[in-house]
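Residue numbers (full-length UniProt numbering), protein chains in the order written: chain P, 1 to 359; chain V, 1 to 700.
Treat the hints with care, as some may be off.
Said to hold, decoys possible - DSS-like cross-link-like pairs, simulated, lysine-lysine; straight-line CA separation at most 27 Å:
hint, chain 1, residue 1, chain 2, residue 2
1, P, 122, P, 75
2, P, 212, P, 63
3, V, 511, P, 158
4, V, 84, V, 94
5, P, 63, P, 29
6, P, 63, V, 94
Since the hints were derived computationally from the structure, they do not count as laboratory data.
Source: prediction; values computed, not measured.
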Amino acid sequence: MEDDAPVIYGLEFQIHIIDFDDENNIINKNVLLHQAGEIWHISASPADRGVLATCYNRTSDSKVLTCAAVWRMPKELESGSHESPDDSSSTAQTLELLCHLDNTAHSNMACVVWEPMGDGKKIISLADNHILLWDLQESSSQAVLASSASLGGKGQLKFTSGRWSPHHNCTQVATANDTTLRGWDTRSMSQIYCIENAHGQLVRDLDFNPNKQYYLASCGDDCKVKFWDTRNVTEPVKTLEEHSHWVWNVRYNHSHDQLVLTGSSDSRVILSNMVSISSEPFGHLVDDDDISDQEDHRSEEKSKEPLQDNVIATYEEHEDSVYAVDWSSADPWLFASLSYDGRLVINRVPRALKYHILL
Amino acid sequence: RRECPLAQLMDSETDMVRQIRALDSDMQTLVYENYNKFISATAISPSGMDSQCCLEDIPTVQEPHTDSARISATLQDRHERITKLAGVHALLRKLQFLFELPSRLTKCVELGAYGQAVRYQGRAQAVLQQYQHLPSFRAIQDDCQVITARLAQQLRQRFREGGSGAPEQAECVELLLALGEPAEELCEEFLAHARGRLEEELRSLEAELGPSPPAPDVLEFTDHGGSGFVGGLCQVAAAYQELFAAQGPAGAERLAAFARELGSRYFALVERRLAQEQGGGDNSLLVRALDRFHRRLRAPGALLAAVGLAEAATEIVERVARERLGHHLQGLRAAFLGCLTDVRQALAAPRVAGKEGPGLAELLANVASSILSHIKASLAAVHLFTAKEVSFSNKPYFRGEFCSQGVREGLIVGFIRSMCQTAQSFCDSPGEKGGATPPALLLLLSRLCLDYETATISYILTLTDEQFLVQDQFPVTPVSTLCAEARETARRLLTHYVKVQGLVISQMLRKSVETRDWLSTLEPRNVRAVMKRVVEDTTAIDVQVGLLYEEGVRKAQSSDSSKRTFSVYSSSRQQGRYAPSYTPSAPMDTNLLSNIQKLFSERIDVFSPVEFNKVSVLTGIIKISLKTLLECVRLRTFGRVGLQQVQVDCHFLQLYLWRFVADEELVHLLLDEVVASAALRCPDPVPMEPSVVEVICERG
């Protein structure tokens, strides 16, 4: 498993690949130099573990340009089990540039998203008020702009965040700009839904429920996390108001979508159990074939218990604003959070809850 | 000889006979009683003592007896003849009466002397019945029957015409009953007739209800109903019970059904009329009308206990009372909303130059007194229902439930709760961004709720309890619960106020950071205008809050304000923090340093609940604003000059904001953080000389 941590140290920009050995509780770190500039957003290819895309700031004289590019990690790091010495600076390696997501026409790339579950050929970048869909060709060495759409309207519209829905054959993308959430169809590049004033203030992040195709979570500067059914955009299905400052990140657990992780600039990470709107509202569904009647009976009994949404845990290990949280893609019970001061915290879902969900 | 009428003779004769018999029997008794004496006398006589005198006595006793027997024997003959004659005479007279009966009856019927006719008929009936086997009698009977039938028919006719009032009808019925008409049928007819009249009354009442014509007021209406319908019903019931008492339970049941049906129709009409009254404001008239209504129904209620008219009436009164309470609650709510609208208008009204609009404190006082007077008016209005002179006020409902559940819980507690809810709804307004609710209104409401918590609620409830001596076992909401609710509302409102005001200032700061190109900016010569604006707005908020809330406590820190803290803030700590650390070789030190420092400073909860005082409110607002500034700065990249500008701005803020907050250390911390973050976001961090910063700030 890996976790990429963009940290700015002076003028040298690095990507840290952190190996967490669950069994031995050992953390290993590999440092990659990202010489192009300061990284603002990073996302790994779903198909090729060695490929990743970044959005980065390039400062020239008196101008800051945010660009995006696709990179390949050095081969030996891909394996993950590579044993590297502790001293990171001495073994710092450089990323190999695959291609720029050409930004002559569009600057200020806010974020880059890969097509989930795809072959790693399609990528979308959000630049100012444009959505750009790129085709990566010739083993990602060339990016061709396939199609694009832009947001019309008054004022300076600017996308802040976007997610690619894993449902509907990966034809939907949701974006956030200011207080509005929008859904787009990638085939026609046209808007399919729009949630105006989804949040009282800026929407910082959103995420799709991996198991329920119309469900979407969003978070923003109004300290709230909201859950939406995109078929009914007039009001949220549920609202959480646990944080005391802007919520920067919201993430569904990849397999148990009742587990929702949020990180906020109140320096807290909160793990919530949103059972009532999850795909498993009555607990884990057990196939009849797999278990004996007795067990079946027991699970039935359990499902009758009123399941309530609640906060499972509030993690206060961070001393400063938490800007990123994410689940491990390998172990559904593991997650990491990263704060302003460069502290990366890896946590596990409480054991009791894990068993409660599994059994 | 004296002349005597035969009858007298006969009478004296029978009298005499009776006397004779009495004498006779007396004598016999005497003999029997003295039998022993006679025996002993006969026993003594042989002894020859007093026998002579005894034997001489006996014939003298027997003499009158034989005389009387002789007389009666002589008279016997005559007596028998006379008796016979008298008997014949009586019989003849009876016969004569019988033979004359048809004509007499006809005459009576013609003359309309139905009572007489019925009496005659009654007398003849039995005899005719007995001798109907004799042809002559049979004829008479037939005649009589024909006439009687006619009589009955006429009586019925009269009964049906009904031009006459209920008493005469009752007479008709009485006569018909005497004629042996079937009682059941008569019951039916009587009731049917009464129904006709009562329905007439109901129709006239309904006409008064009519949709368009100017209906008489409710008092008049119930008066009409009371005298017309209820009075009529009373008469009918009384007459019926008198006439058909012999009918037993079946008759009573019929009457009850009748009364029940008509009564329910009457009630329906009354309820419709009362429903029209719901919107009206005049309780006293309504209560008087209800009183009349209720009072009027007590008479038939007593007559027809089984029908439950009185109970139904009480129920209606109760229902109306409940509805009135609901109406008053609505009224209070509307009044509260009206007050809020007034406040909004007052707040939105353009300020005339030189003349300040009504201050917040004044507005608050207006709202509070207006609501209080509304509450008092409502209490006074519903108090009428429990006045002593009102006939229903001693019903258990009005003594117990009405006071406790209705007035205290329903009206007063209900209103206070709804007030809190209305107030809280301003916190949940979806348009957080637009700020549809003016912040000043939030502040005012919060203070209002707090005042309610501290004094008004207990005052109102005491007032209510005094006016309505609550004396039943229903659980009532304790004052403390309500107070807690009010306090919670006040707290939420104030917190929301802080958020809204914080957001306003945050947006200013945010725009100022986001829209500026921090890389190519000019050398800082001035504090940016937006910072001055922030300080101005904060001062304005401070004034606003100060109008309604007390100062609150702040940490005593220093009298010598800016100088000392400034030196700490910008020279030693700040420089120590970032100046040496921006060489790539020593990244760890920076983090270590800042982390260690944070270990010793407490975590700042940005959106935290506030206390009810000015300092706490201002602290909240400033915290939110500075945290926003911090986060925005972290998203930008600064040139050297940009960093210096941030330095200047922060110092300026620090100079002016410390005085508003509870703990000035907090402002320092946050501003330090802002500058440190800006420095981190700067590729070429060369801070400005503190002295220069100071000079610029003092100048601007």
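Here's how the hints hold up against the structure:
no., hint, in the structure
1, 122(P) x 75(P), "holds (22 Å)"
2, 212(P) x 63(P), "violated (43 Å)"
3, 511(V) x 158(P), "holds (14 Å)"
4, 84(V) x 94(V), "holds (15 Å)"
5, 63(P) x 29(P), "violated (33 Å)"
6, 63(P) x 94(V), "violated (144 Å)"
Hint check: violations occur at hints 2, 5 and 6; the rest are consistent with the structure.
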